[in-house]
Amino acid sequence: MKVKVLTRNPDEYLRETKRDIHKVPRNYDPALHPFEAAREYTRALNSVKLERMFAKPFVGCLEGHKDGVSCLCKHPSQLSTVLSGAFDGEIRVWNLAYRTCTSNFLAHDGIIRGIVFSQSGENFMSVGDDKTIKTWKLGNSSLGQEEPINTVISKTIITGISHHQIRPIFATCGEVCHLWEETRNEPIRTFKWGVDSLYDIKYNPVQSNLFAACASDRSIILYDARETGPLQKVFMRLRTNKLSWNPMEAVTFTCANEDYNLYTYDIRTLRTPVNVHMDHVEAVIDVDYSPTGKEFVSGSYDKSIRIFEVNKGHSREVYHTRRMQRLTCMGWSLDNKYIISGSDEMNIRLWKARASEKLGVLRPREKAALNYSEALKEKFAAHPQIKRISRHRQVPKHIYNAKAEIRTIREKVNRKEANKRAHSKKGAVPFVSERKRHVVQQKV
Amino acid sequence: MKPAGYRRRERVPISKEKLAKHDKGEGIDLKAKSTRIKNKVIRQKLKKKEVVYNDTVKDTARTELLLTEDYGCLEADCGEVTVQYKQKQIVDNVDITAAAKRFTLNLEFGPYYIKYTRNGRHLVLGGRKGHVAALDWVTKKLACEINVMESIHDVSWLHIETMFAVAQKDWVFIYDNQGIELHCLKAMYKVSRLEFLPYHFLLASGSKEGYLAWLDVSIGKFVNSFNSKVGKIAVMTQNPTNAVLCVGDTKGVVSMWSPNSKNPLAKMLCHTQTVAACAVHPYGTYMATSCPDRSVKIWDIRQLAGPMHSYYVRAPVEHLSYSQTGQLAMAMGNVVEVYRLSTDEMKPYMRHRADWTVTSMQFCPYEDILGIGTTKGVSSLLIPGSGEPNFDGLESNPFQTKSQRREAEVKALLDKIQPELICLDPVAIAEVDTSTFENKIEAKKNLLYLKPKNIDFKPRRTKAKGKGGTAKVIKTKKILKELSRKETIDMLRQTDSRSDTRKTKPQKDYGILNRFLPKSNKKSN
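Protein sequences, first through last, are from chains A and B. Each residue of the first sequence is one higher than the one before, counting from 1 in UniProt numbering. Each residue of the second sequence is one higher than the one before, counting from 1 in UniProt numbering.
Extracted from the complex, chain B is given alone in its bound form (with noise of 0.2 Å):
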């Protein structure tokens, strides 16, 4: 008996599309007459489980309920375009600590490339004139500042605020948060661009001589290093979701590496020049590349397909950026554009004049800056709606304290992925190895009709009745062929079958899943 004015309590709905993002995938086929499953129990367990997963998908989209934070937002008066609002004009519009964040240093040993941690707390910028420098930028508060004495090509973070690299004239360079020179790869010789994965601990970089090279930081060892090929390496990016490096070369080509192959995993020929830029939309979805020829174009990188869209700009783009809600910002001279997705067009959002020619340019994560640096300083910019306002406290969080940092830092390189697990696909893990299982059952069956030698065989003339004759002849052939099948098979067995089949045939590539290969077979890699 329910008590009175008992309501039954119900969850707040849920819309499509928070589902449709928090989406897992269809599931497995259960219905009795399509499935493939036979077994009943089975059956019902997976059925327990996809509810389960249901739930969950569920569950995780209503938490969207109470996440604190709003985007930022810029909207136009009747009239006008936000294009043609200027910087000076939104700082005098937002409240003091938004405004604190647009800043210009003037420094003298340009052209800068600037770096912002995973949590958009701190910045890294290196002076080609040998300036390097790591600071709280919200605060303002200097880490360090020194000065190399040697041109610099790059720099990168580390895991952690504490550490950078910095690619000097010859090699590599890590240095801590005091400025303190903690390593140098001599290894990484001659080294144009830098980028860290930073859930598998590697610095990889490229150099002017076409050198990719990827360092385990947490264990000091070198992962894989050899020639690309592709000349100078003077635009790579890496793409997020799958920690592939995309480098493009002078022929227009953007070439996708990993460290466990010496031939790129993918090619995408993007335009008729050289690549100017390139950048990767953080969901991995689009990357987009410029050329010289004015030409922006995005890519469905998922599929390796497109261009999605196409556009001429103005002048050529030097640079590119994407934001975390997937604004794309492009350098061009002085000129800094950002571009937003509207109804299915990337439309101009927002347009910037520096002083000076932008030599390199990053969003900075969780917030609505976009951080310049150009020939003569480093400068950040108020871009609305650019930034996650919404952080994952266990997954970057930029305000973390000490403890946090090496609490977080421990739980990191617990969950270190493995170098061998990069690939173009960053679930396949999770799939169901067919390929190999199938490649397995083939050799057996194969081993099954091995076709038996032909045997020589003459029979010795004996006279004594009964002896001789064809029938006894051909019932020892066969006695005969079935041994010698035997034998074979049994040799077979014994010199493992599958490293005779690798010489005839070339070795098929299951990428991520080549780890579970037999070593014998490995070793032909």
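Chain A on its own, in the form it takes in the complex (with noise of 0.2 Å):
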């Protein structure tokens, strides 16, 4: 006779000190999991939850400001340093680990129109309404009344700023749009189109001898620093404010329209957007797009911040706090953590990107649990308790208000085409995608 019984040496399964930890062997044979189907649908759900639980976006407010921000820049090197621009031509260098103003001066004469960091980060320039271009330099923070490295005149009005990637480059918009050297006082080029001045200008980050304009006479025009003119030009159906190119793919732009929408184009095809990204309910003021290049944030006129993937419709999250106003600029921080919003009641406020998401350091076993509970609500994402959970907001009464309304407007619209085409002839009432809907024309 063999005989072997199951004996278990407890030495193999307890600990031997109390300062060891306890051994845990693993068997993954399905039959002692079971209902897997069942406790991983449990776990999503409650990972769901905690989510919505833990979204709790607003980190901080940086108040010093005496009038609305006008604009932001960040440091292109530091991730706590970030300049801010007002109505009352003061410029502020903040550090945002310390939520402090290291050093304030009064820069213009009037509306700080925008600032830029020079490539290497030293120094940066600074748009007003009076008609000049300063160069600072950073962390000259001697108190009192600061002086400009540089100040240029220019002839006409500027609007916005946008600096080269690499090269001592920069390209100002205003009445026209000139291209600078750091090192001269006169533009090295020119580029006019038509009579109407521009709003905003943002260099390519990736193809840096392309840069874009938004101008007022609805347009977006593209230019390439190669050639004499400017490239091509889409006419929409409304003022585009502000745009932002994507820093990952060089051929896409994301526009904040007056239209309420923001519009994703692909350079090579102007003529219709690659998406358009609805769900404000006021005028879209600023866009930024994250380092990544997967996501924007989107700033508007409805005293809310959003936050859209690039490939989808909607947005993913919405912020908004009782005191903050309307939104005057972005800002995505180039670690993809934090957004930095600029709004008219003089503050600066700093949001998490992912509401619920833990700051600080992650021990491993935490990283892996917070790993697992995104895969498992991304399996039971369709699932409609899970969904309902995920997607579901507070907004404020105005802002829902106004999103009804805005639905039974395009009710009305849909249905009055609808009967359109239905009473005349069968083409006469083309589909138009909602995509082509808001192009006027593109010239080239």
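Quick caveat, the hints were computed from the structure, so don't treat them as lab data. No experiment lies behind these values; they were computed from the predicted model shown. Some clues are possibly wrong.
What the hints assert, rightly or not - Dumping the calculated DSS-like pairs for lysine-lysine here, alpha-carbon to alpha-carbon at most 27 Å:
no., chain 1, residue 1, chain 2, residue 2
1, B, 140, A, 18
2, B, 49, A, 420
3, B, 49, A, 377
4, B, 88, B, 58
5, B, 440, A, 377
6, A, 358, B, 416
7, B, 45, B, 33
8, B, 141, A, 23
9, B, 411, A, 18
10, B, 18, B, 478
11, B, 33, A, 367
12, B, 477, A, 420
13, A, 312, B, 49
14, A, 387, B, 24
15, B, 88, A, 2
16, A, 294, B, 40
17, B, 31, B, 49
18, A, 49, B, 49
Hints in hand, dock the two standalone chains.
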């Protein structure tokens, strides 16, 4: 007779000392883990609830400006340094880590229209309503009146500025588009198309000869510094306020439009936008891309911030506080973790880019658990209960009501179009897609 | 350039059986020709996911290399069979720690009912005459011993070894491991069978009057309780893979119950006489039933088909129990026989003659032990190869410390499965709910083809030229018809069109997915 009965040596299963960790033998045999689907569903439900519970995106507020914040500028290499310009001509340098203002000075007479860092990050240029471009040195925090390193007086009004990614060149916009070199006081190139003034200009961060501007004749103009004139122009139904290039895809940019929507364009096919991002209920004022190029943040006149995924039509997140007024400028920090917003009521606010993310160092087990719940949420995302909870957002009453109103308006338009279609000759009232609807014409 | 002596590291090959054991199904058809997914991007995403799934299956199968313990076994010498070996012989041939696990307690308050905890470490026993004891049977350390001064009909552990439920003369009581009465559940009246569903935290009971009740022990609320209308519930077990209760009745029918419906989910006519005992395989594949006419049948309860096997044994089987490895113990009078599956047939493996009639029986999880309660005590038998040798420390751990137990309790509570999810198919929640979606589309479609009401329309007589005429009348009629159709559609939309269909049609049952129906529909159940 040969017999063997299970006997386990307790020493192999118990820890030796109290300082030791507990031994946890694993056996992944599916028979020992019943109800896999139901348990995973429960975990997914719990984690999606926890996500909403921990969604506290507001990090802090930087106060100090005496007028509304007009523009924000991120440092290209220091995460903690941010510049802000106000409507009263004051520039403030902020340390985000300490949430303090390191220096402030009156830079321009009138509104500050734009601030950019030079490619090295040592100097920054600011433009204002006083037709000047001033170059300042960062870290020159001697209290009292600061003097610019250089002041250029332009012949035309300047409303925006953007710096080349690598070379010491920057572009300004206003009545016309100028290209400047840092060392020279005269523009090296001038681009002009039509008579309308430009509101915003942005250099492409990848294909660094390209830049785009939005004009007051409701158009977006594309320039190439290697060509003699502007490349092409696309007209939209309403004016574009700001635009932002995708930092990972050289060919796409997103623009914030007056008609409550954002449009993502591919410069190869400017005739139709690749995507229309709806959800705001008033004009969108500013937009900025995340450094990953997968998402962007937009600030609107409806006192809310929304985060969109690039390939989705609706926002994944909305941020608002009672005290925050109309948004004027937005920024997504270069570590992909924070969002900075400047608004009318003189405050700069710091938000988390992912509302329920835990800040600080994560231990490996914590990280693994978060990854696991993230995977589960994705797996069960289509379940009605989970979908409902993860989608649910509390919005202010004025947004809620405006949304309902917009919905009725849209229904009305659709109904009217359908009626027209039903009562006219076949093909006389064609179906126009939402993407094509907002573009008027393209000029080359 | 690869360095000299470079050899590609091959991963350890995995046998096909192991892969099949961990297999998660065949996956989605993504071949360009036959696939039904037209979008290329989605197809690509799914392809990546399939790769991850396949890798997971391979990796989990490969981890079996790391398992440390091996199954117990009993092999007969030439000319002998395993059935002839007595417990005495086995005890003599095993090491001292294993031999210590074979013991007999002679007690006077019998007949005894026993239950092991889920990790197999603790044992609770209840004697018909009121004796209750809880003990760590490995170290033989007694946790508590009381006499409840009432008759006892069944005992059951709750989710941890600090609490157990006892079905007494009238009501069910919950005691802690010091014997202190924690709760008296008067809503569970004259209970004859208790079962605990560990992942749902439900204490299920079947009563002498045929009532089934489910109590959520984590929040103390009754999930459901109703009369099952099968008469006295004397045979009740749970299916460990889907938490459905299998109740055997006097007519030979085994019915399967979930707390979500007052009708059984399924009924199987297993015997032509009373079902005397019923046991479900831990994998949820087979169910064994027995009958006083000495027959034992094995059923496939995933397909609800069978019998797969049917046997006649020498005496009527009164108790059945499945071990973790699929061995089947049958108790007939004072004889216990253990059968095991060998080449598609159940063969007798071991036999034991107890001193007294066996009144309850359970295989101890993660041990080669079969515990039996008799009319005059409790004893444990060594059945080599019956227990799973490698436990999963996060699922159930026989060597659990107090702090580990506390942590595991919290974790288990977080993962508590809602009672609505109890249904025959345990993976229903992970499947695509096509039926509800189809119904939704159908309802929308029907709205379009609503037949317009007949309009009784009589035109005014006008004598003015050009105002009357048949063409004009037909045109007006058409407009009115369209108007009335639109009106009814609007009305239907506002008054929740689905509630109307409910009245005309009997409510369709989606089982587990009923929870996603709109609330107005749910009330009708």
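(message) Holds or violated: residue 387(A) and residue 24(B), Cα atoms, limit 27 Å.
(response) With a Cα-Cα distance of about 25 Å, the restraint between residue 387(A) and residue 24(B) holds, given a limit of 27 Å.
(message) So if I understand the rule, the pair passes when the alpha-carbon distance is 27 Å or less; does residue 88(B) with residue 2(A) pass?
(response) Holds. Residue 88(B) to residue 2(A) sits at ~14 Å (cutoff 27 Å).
(request) For the pair we were handed, residue 358(A) and residue 416(B), check the Cα-Cα distance against 27 Å. (result) Satisfied, since the Cα-Cα distance of roughly 25 Å is no more than 27 Å.
(request) Would you check the hint for residue 477(B) and residue 420(A), treating anything up to 27 Å between C-alpha atoms as holding? (result) 21 Å, holds
(message) Against the 27 Å threshold, does the CA-CA distance of residue 312(A) and residue 49(B) hold or violate the hint?
(response) Satisfied, since the Cα-Cα distance of roughly 21 Å is no more than 27 Å.
(message) Just to be careful, I want the Cα atoms of residue 440(B) and residue 377(A) compared with a cutoff of 27 Å; is the pair within it?
(response) Given that 27 Å is the threshold and the Cα spacing comes to 25 Å, the pair holds.
(message) Need the status of pair residue 49(B), residue 420(A): alpha-carbon distance at most 27 Å?
(response) Roughly 46 Å separates the two Cα atoms, so the pair is violated.
(message) Next pair to validate is residue 294(A) with residue 40(B); report whether the Cα-Cα distance is within 27 Å.
(response) Roughly 20 Å separates the two Cα atoms, so the pair holds.
(message) Would the hint linking residue 49(A) and residue 49(B) be met if the CA-CA limit is 27 Å?
(response) Roughly 25 Å between the alpha carbons, so the hint for residue 49(A) and residue 49(B) holds.
(message) Does residue 377(A) sit within 27 Å of residue 49(B), going by the straight-line distance between their CA atoms?
(response) Holds, because 15 Å separates the two Cα atoms, which is no more than 27 Å.
(message) Tell me if the straight-line CA distance from residue 140(B) to residue 18(A) falls inside 27 Å.
(response) Holds, because 25 Å separates the two Cα atoms, which is no more than 27 Å.
(request) Please work out if residue 31(B) and residue 49(B) have their alpha carbons no farther apart than 27 Å. (result) 15 Å, holds
Figure legend: structure checked against the earlier numbered hints; hints not met, in rising order: 2, 4, 10, 11.
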